[in-house]
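Student: Sequence:
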Amino acid sequence: MRFFHHQQQSRRRTVRLVVFYVLALIGTVAITSAGLGSLPFLFGAKVQHSLWWYYLPPALFVCVLTIGLSLHRLRELRRGGEAIAKRLGGKALQLANATFAERRLLNVVAETALSAGLPATPVYLLRRDGSINAFAAGMSPRSAVIGVTQGAINLLTRDELQAIVAHEFSHIRNGDMRLNCYLAAWLHGLQGIASSGRYFLYGRDNEHYLEYRRRKNVDNHPFDNGVEIIMQTLPLQALGALLIALGSVGSVFALWLQAAVCREREFMADASAVQLTRQTAPLIEALRKSARTTSCRLSSPEAPNTPT
Numbered sequence: 001m002r003f004f005h006h007q008q009q010s011r012r013r014t015v016r017l018v019v020f021y022v023l024a025l026i027g028t029v030a031i032t033s034a035g036l037g038s039l040p041f042l043f044g045a046k047v048q049h050s051l052w053w054y055y056l057p058p059a060l061f062v063c064v065l066t067i068g069l070s071l072h073r074l075r076e077l078r079r080g081g082e083a084i085a086k087r088l089g090g091k092a093l094q095l096a097n098a099t100f101a102e103r104r105l106l107n108v109v110a111e112t113a114l115s116a117g118l119p120a121t122p123v124y125l126l127r128r129d130g131s132i133n134a135f136a137a138g139m140s141p142r143s144a145v146i147g148v149t150q151g152a153i154n155l156l157t158r159d160e161l162q163a164i165v166a167h168e169f170s171h172i173r174n175g176d177m178r179l180n181c182y183l184a185a186w187l188h189g190l191q192g193i194a195s196s197g198r199y200f201l202y203g204r205d206n207e208h209y210l211e212y213r214r215r216k217n218v219d220n221h222p223f224d225n226g227v228e229i230i231m232q233t234l235p236l237q238a239l240g241a242l243l244i245a246l247g248s249v250g251s252v253f254a255l256w257l258q259a260a261v262c263r264e265r266e267f268m269a270d271a272s273a274v275q276l277t278r279q280t281a282p283l284i285e286a287l288r289k290s291a292r293t294t295s296c297r298l299s300s301p302e303a304p305n306t307p308t
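Residue numbers for the sequence shown, in our numbering: 1 to 308.
These are calculated hints, taken from the structure and not from any lab test.
Since we're looking at a predicted model, the values are computed, not measured.
In this text, a Cβ means the ideal position worked out from N, Cα and C, and glycines have one as well.
Watch out, some of these pointers could steer you wrong.
Unchecked claim - Quick list of simulated restraints, FRET-style, between CB atoms:
(1) ARG75 x ALA34: 27 to 33 Å
(2) ARG288 x ALA98: 43 to 49 Å
(3) ARG103 x ILE67: 25 to 31 Å
(4) ILE67 x ARG263: 26 to 32 Å
(5) ARG16 x ARG288: 28 to 34 Å
(6) ILE31 x LEU95: 52 to 58 Å
(7) SER115 x ARG16: 27 to 33 Å
(8) GLN9 x GLY68: 35 to 41 Å
(9) GLN237 x VAL19: 34 to 40 Å
(10) ALA120 x SER248: 41 to 47 Å
(11) PHE267 x ARG103: 30 to 36 Å
Said to hold, decoys possible - Dumping the calculated SDA-like pairs for lysine to any residue here, alpha-carbon to alpha-carbon at most 25 Å:
(12) LYS289 x PRO119
(13) LYS91 x LYS289
(14) LYS91 x ALA110
(15) LYS86 x CYS63
(16) LYS91 x ARG103
(17) LYS289 x ALA260
(18) LYS289 x ARG278
(19) LYS86 x LEU118
(20) LYS91 x PRO122
(21) LYS91 x TYR55
(22) LYS289 x THR277
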């Protein structure tokens with residue numbers, strides 16, 4: 001069992017993918033800013049000021065938009081694992097009033113936590129979910145929880161249940177939830193570029209917005225003059241179409257890289273699970289049973305699209 005070798009390979013691939021992900025974000029922001037700054041000249045605008053007046057306001061707009069939306073999304077995702085588990089429909093298990101199958105799950109979680117060298121985590125059961133699945137939620141080991149579906153405790157043997165629980169503890173130990181939260185937050189900020197383009201393309205209050213800025217004496221701010229020049233010299237439809245095109249392409253590329261990162265972390269969690277349990281057959285059989293169920297994803301509408 002070469003689980004250490006597989007873990008090291010997965011770490012190296014993850015680092016490369018995260019670097020590409022960050023470069024995709026920076027590249028999309030830079031290209032969008034340059035495109036917005038160049039639009040007035042494509043529509044025949046004459047250079048009346050320094051080029052900074054044309055390129056700096058769009059760059060600030062795109063940066064503030066993406067960073068602001070990313071921080072807002074990260075704040076939502078940083079809630080404790082218990083809040084996320086409850087949002088997915090999970091109910092906390094207590095040993096005092098647990099059934100035989102639920103006590104078996106609690107014992108497996110306690111044993112695996114001890115083997116992983118992690119504190120015991122609360123366990124949430126998704127009673128209405130008949131698929132075979134589990135998840136770990138929380139930004140740190142202290143705030144993490146383990147969630148397991150009803151289908152998993154009904155259809156898996158004890159060894160198979162321990163294998164998928166070890167897989168989730170591997171996510172906790174490797175910091176995968178924190179990484180996923182940051183990737184999702186950055187992607188949300190990037191998607192805001194295309195969303196703002198839809199506002200410019202389809203919004204009904206654009207003329208009122210520009211009139212409001214004129215009444216507020218935009219020349220009072222050093223960058224407002226450049227923004228006003230851009231808004232007056234090009235059609236808002238062209239501005240919206242450009243934002244949608246560049247934002248969508250960047251978002252699709254970043255989403256593909258995010259999926260690749262998550263896939264690598266899943267491989268790494270599998271290798272770590274084998275390290276914790278010292279068994280490969282139960283994990284393989286649990287994955288086979290999961291693939292044979294109607295769905296391999298959590299049935300809750302709040303469930304993420306990324307693997308768990």
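Student: Each hint should be assessed against the structure and marked as holding or not.
Tutor: Hints, verified against the model:
1. At roughly 30 Å, the beta carbons of ARG75 and ALA34 sit within the given window of 27 to 33 Å.
2. A hinted range of 43 to 49 Å is violated for the C-beta pair ARG288 and ALA98, which are about 28 Å apart.
3. Checked against the hint of 25 to 31 Å, the pair ARG103 and ILE67 fails, with Cβ atoms roughly 47 Å apart.
4. Between ILE67 and ARG263 the CB atoms are about 27 Å apart, so this pair conforms to the stated range of 26 to 32 Å.
5. Separated by about 30 Å at the C-beta atoms, ARG16 and ARG288 satisfy the suggested range of 28 to 34 Å.
6. A C-beta distance of roughly 56 Å is found between ILE31 and LEU95, which places it inside the suggested range of 52 to 58 Å.
7. Restraint check, SER115 to ARG16: a C-beta distance of roughly 30 Å satisfies the suggested window 27 to 33 Å.
8. Look at GLN9 against GLY68: about 37 Å separates their beta carbons, and that is inside 35 to 41 Å.
9. Between GLN237 and VAL19 the beta carbon distance is about 36 Å. The supplied range of 34 to 40 Å therefore holds.
10. Between ALA120 and SER248 the Cβ separation comes to about 44 Å, which falls inside the hinted range of 41 to 47 Å.
11. Separation of PHE267 from ARG103 is about 32 Å and conforms to the stated range, judged on CB atoms against 30 to 36 Å.
12. Between LYS289 and PRO119 the alpha-carbon distance is near 29 Å, which puts this suggested pair outside the 25 Å criterion.
13. At roughly 24 Å between alpha-carbon atoms, LYS91 and LYS289 fall within 25 Å of each other, so this suggested pair holds.
14. In summary, the hint linking LYS91 to ALA110 is supported, as the alpha carbons are separated by about 18 Å, within the 25 Å threshold.
15. In summary, the hint linking LYS86 to CYS63 is not supported, as the alpha carbons are separated by about 34 Å, beyond the 25 Å threshold.
16. Restraint check for LYS91 and ARG103: satisfied, since their Cα atoms lie roughly 14 Å apart, inside the 25 Å limit.
17. Restraint check for LYS289 and ALA260: the C-alpha separation of about 24 Å stays at or below 25 Å, so the hint holds.
18. Between the alpha carbons of LYS289 and ARG278 the distance comes to roughly 20 Å, so the proposed pair stays at or under 25 Å and holds.
19. Proposed proximity of LYS86 and LEU118 is supported: the alpha carbons are some 22 Å apart, at most 25 Å.
20. With a CA separation close to 10 Å, the supplied pair LYS91 and PRO122 stays within the 25 Å bound.
21. The hinted pair formed by LYS91 and TYR55 fails the criterion: a straight-line CA distance of about 52 Å is larger than 25 Å.
22. For a cut-off of 25 Å, the pair hint linking LYS289 to THR277 stands: about 19 Å separates their Cα positions.
Of the numbered hints given earlier, the model fails hints 2, 3, 12, 15 and 21; all others are met.
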